[in-house]
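2 protein chains.
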Amino acid sequence: MMSERIILGHGSGGRLMHQLLREMILPLTGAREILDSAVFDVHETRLAFTTDSYVVSPLFFPGGDIGVLAVNGTVNDLSMVGAEPLCLSLGLIIEEGFEMEKLEKILLSIKTAAEEAGVPVLTGDTKVVERGKGDGLFINTSGVGVIPEGVDLRPERIRPGDIVIVSGSIGDHGASIMASRNGFYFEPPLNSDTRPLNRLVRDLLSTGSAVHMMRDPTRGGVATTLKEIATQTRLCIEIEEDRIPIKEQVRGVCELLGLDPLYVANEGIVVAFVERDMAESVIETMKRRPEATEAAIIGEVKETPAEMVLLKTSMGGTRMIEMLPGEQLPRIC
Amino acid sequence: MMSERIILGHGSGGRLMHQLLREMILPLTGAREILDSAVFDVHETRLAFTTDSYVVSPLFFPGGDIGVLAVNGTVNDLSMVGAEPLCLSLGLIIEEGFEMEKLEKILLSIKTAAEEAGVPVLTGDTKVVERGKGDGLFINTSGVGVIPEGVDLRPERIRPGDIVIVSGSIGDHGASIMASRNGFYFEPPLNSDTRPLNRLVRDLLSTGSAVHMMRDPTRGGVATTLKEIATQTRLCIEIEEDRIPIKEQVRGVCELLGLDPLYVANEGIVVAFVERDMAESVIETMKRRPEATEAAIIGEVKETPAEMVLLKTSMGGTRMIEMLPGEQLPRIC
Numbered sequence: 032m033m034s035e036r037i038i039l040g041h042g043s044g045g046r047l048m049h050q051l052l053r054e055m056i057l058p059l060t061g062a063r064e065i066l067d068s069a070v071f072d073v074h075e076t077r078l079a080f081t082t083d084s085y086v087v088s089p090l091f092f093p094g095g096d097i098g099v100l101a102v103n104g105t106v107n108d109l110s111m112v113g114a115e116p117l118c119l120s121l122g123l124i125i126e127e128g129f130e131m132e133k134l135e136k137i138l139l140s141i142k143t144a145a146e147e148a149g150v151p152v153l154t155g156d157t158k159v160v161e162r163g164k165g166d167g168l169f170i171n172t173s174g175v176g177v178i179p180e181g182v183d184l185r186p187e188r189i190r191p192g193d194i195v196i197v198s199g200s201i202g203d204h205g206a207s208i209m210a211s212r213n214g215f216y217f218e219p220p221l222n223s224d225t226r227p228l229n230r231l232v233r234d235l236l237s238t239g240s241a242v243h244m245m246r247d248p249t250r251g252g253v254a255t256t257l258k259e260i261a262t263q264t265r266l267c268i269e270i271e272e273d274r275i276p277i278k279e280q281v282r283g284v285c286e287l288l289g290l291d292p293l294y295v296a297n298e299g300i301v302v303a304f305v306e307r308d309m310a311e312s313v314i315e316t317m318k319r320r321p322e323a324t325e326a327a328i329i330g331e332v333k334e335t336p337a338e339m340v341l342l343k344t345s346m347g348g349t350r351m352i353e354m355l356p357g358e359q360l361p362r363i364c
Numbered sequence: 032m033m034s035e036r037i038i039l040g041h042g043s044g045g046r047l048m049h050q051l052l053r054e055m056i057l058p059l060t061g062a063r064e065i066l067d068s069a070v071f072d073v074h075e076t077r078l079a080f081t082t083d084s085y086v087v088s089p090l091f092f093p094g095g096d097i098g099v100l101a102v103n104g105t106v107n108d109l110s111m112v113g114a115e116p117l118c119l120s121l122g123l124i125i126e127e128g129f130e131m132e133k134l135e136k137i138l139l140s141i142k143t144a145a146e147e148a149g150v151p152v153l154t155g156d157t158k159v160v161e162r163g164k165g166d167g168l169f170i171n172t173s174g175v176g177v178i179p180e181g182v183d184l185r186p187e188r189i190r191p192g193d194i195v196i197v198s199g200s201i202g203d204h205g206a207s208i209m210a211s212r213n214g215f216y217f218e219p220p221l222n223s224d225t226r227p228l229n230r231l232v233r234d235l236l237s238t239g240s241a242v243h244m245m246r247d248p249t250r251g252g253v254a255t256t257l258k259e260i261a262t263q264t265r266l267c268i269e270i271e272e273d274r275i276p277i278k279e280q281v282r283g284v285c286e287l288l289g290l291d292p293l294y295v296a297n298e299g300i301v302v303a304f305v306e307r308d309m310a311e312s313v314i315e316t317m318k319r320r321p322e323a324t325e326a327a328i329i330g331e332v333k334e335t336p337a338e339m340v341l342l343k344t345s346m347g348g349t350r351m352i353e354m355l356p357g358e359q360l361p362r363i364c
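Sequence lines, in order, name chains A and B.
Numbered according to the numbering used here, the first sequence spans residues 32 to 364.
Numbered according to the numbering used here, the second sequence spans residues 32 to 364.
Do not rely on the hints blindly, as some may be mistaken.
Note: identical chains are not told apart, hence a pair may lie in one copy or across any two.
Quick list of in silico lysine-lysine cross-link-like pairs, BS3-like style, CA-CA up to 25 Å [what the hints assert, rightly or not]:
hint, residue 1, residue 2
1, Lys164, Lys136
2, Lys164, Lys133
3, Lys164, Lys318
I should point out that these hints are in silico values taken from the structure, not numbers from a laboratory.
Next up, chain A with everything else stripped away, as it sits in the complex (with noise of 0.2 Å):
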C-alpha cells in the first residue's frame, strides 16, 4: 500500500524507493529493471546510458562536494555495466541567490573530477529556480559507454560458489557526511570516498570472464545492493562481519549517530561477485590499483535459503539482512 504523498524514505535507495519503482514508476514509464546502466545495441555497438541527479547536502564535504561526486557516480554506473565511459552530459539547477563563487568552485571540481576519470563532459543545461524553491545547486549527470565485445556482466551470470568481494572500506561516504553535518571532525580526516572506478574496472576485466556481476553499493549501502542481487537471482548471499573492511572513524560515527554501515552509503567501492577459482587472482589485480588497495573478499553464493543475504557476525550468530527499510540519511548524493 503506497502513501499518498511523496516521504523522504522515497528517495533513501532501500525498500520504499523499490516500491516506488516497481509499482509506479516502471509500470508506468515502461522503463527496465533497476539497473545501474541500461544497456542496448546501435548497429553493432553495444552502448551503456545511465542517469543521475544528485541532491547531496551540504554541497561541500569532507573529500570533495556536488560536482566531484555527480562525475564519479555516473563514471562508475557504466563501469559497473563493464562499460567504457565516452561521455558525460551536465543539467544544472540553480537556486536564485546562488553565490558565484561557489559555482565556479564545484564547475572546476567538475573539470578536474572529467579530466580525471578522462570522461570529457560533452553537453550541459543550465536552468534557474526563484530563491526557496530549491536549495542551491542541483545536478544530474547522464552518461553514455560503449561495451567492450566480450564482456557481459549481469545478475544472471552469478552462480551459487561465487565469491563476493568488496574493493575497500565501506561506508566512507555516508559516515564523512553525516559526520560534516553533526560538526564532527576528525584527525586524519574521514573523507568521502568518492572517485571513479572506470580504471580499476578495465583492469577487473582484463582477468578475462572472472567477474559476472559488479554494483556500486551507493545509497542503502551494501546491504540494500546485496539484498536486491539475492532478490534478482533468488539466491542466497553469505558474508561474514568480520571480513568487511570499516574503517574506526566510521565505525566512530555510526556508532555515536545509531547507524549500521552496511547501510551507509558508499561512493568508491565495488561489489563483485566473482568465480571462485579466480577470487584470489582478482583480490591481487585489484590491490594493485591504489583505489582498492583494501580490496577483500566478504562472503560468498549459496544455493539456499533463496532471495535471502546472512550476516555471519563476529560473535558467531547469523543475522538476516534486509533492505533499508526507510530514510536513513536523507540527500546523502
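Go by the hints and put chain B onto chain A.
Frame of chain A; chain B shown alone:
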C-alpha cells in the same frame, strides 16, 4: 562583468545565460559549444547526446504537463542535429509531500509521450528533497540518438541565399503558460505546442541535403535562436514580420503582458535553414505532416551586415533583433 550571485535571468536562454555559459560553464567544465546535442563517434557510428532539466511552473498547463515537455524536449534536441532518437533517461527530483496522484499523472504523461514519439525511457533515477527545498517536481531527461549516414546539419553549412523556414506558428508554448499563470482562458483554448519533432525531421531529411541546419527555438524564442546562429555563422539573417505565423490568441496574450512573441518559448516547432532552390519543395514536405501544416518561409540569409538579425516590420521599417537581454519568462520549461 558577471554578478556575484545567480539571478533568474541566468536561466532565461538569453544574453545573461549565454554570458554564464561562455565565461564560466564552458571554460570550466570543458564542455563544447552551445548546441542542441553533442555529436560524437563510436566505432563507425555517429551518435548524438543531449540533456535538459525541466522546472516549468505550473506543472500542468494547457496542452501538456512537465512530463510531456520533458520527453518531447529531449526528443527534439536530438532531432535537431538530424539524429534518430534511440532512448531517454528520466531523473526525478521530488519535493517531500508531493501528491502521489500528481506524480502518477505525470508518469503516465511520460509513458504516453514516449510511446507517441516512439522513443523508450531506458533508465532513471529518483531523488527526494525536504519540503521547501524544491518545488513539487523537477525532471531531467537526457537522450541518445543515432545520426544516419550522410546527414550533416551544422551552422557551418549555412550559406548566404539560404531560406529560413519555421514549421509552425510561434510563441504558443510560452503564451499558453503565461496565460495560465495569469488566469486568462480562451475558447478555443490556447495550448502549448509541445510535440515530438522526430518524424517531421525524418521526412525533412528524406529530401536529401536541402536542409543545412535546424534548431528548435525554445527558451529565448525565435529571436534569440536566430541571433545565436547569426553570431556563430557571422552572416546576416533577415526575416519579415508579415510572414511569421502567429496565432491571434498569442498576439493577444503578448500584448496584454507586454511580451514580444519573437522572444516567447516554443516547444514544437523547428527553424530550418534550407537551400534556396529547394525551399518550396521542403515546405510542401513539411505541410504534409500534421505538426507542420502552418510551415512558412520567414526570411533569408545574407552576407552582410555580419552577425545581425534584421526584422522587416509590417510598417516598412527595419529593426535589429538582439538576444533576450535578461529574464522574460522564468521557468517556462
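Going down the list of hints, with the structure as the test:
In this assembly of identical chains, the alpha carbons of Lys164 and Lys136 lie at most 25 Å apart whether taken from the same copy (22 Å) or from different copies (22 Å). Taking CA atoms no more than 25 Å apart as the test, Lys164 paired with Lys133 passes in both settings, with 18 Å inside one copy and 18 Å between copies. With identical chains, the CA atoms of Lys164 and Lys318 are never at most 25 Å apart, being 45 Å at best within one copy and 42 Å at best between copies.
The structure does not agree with numbered hint 3 stated previously, though it agrees with all others.
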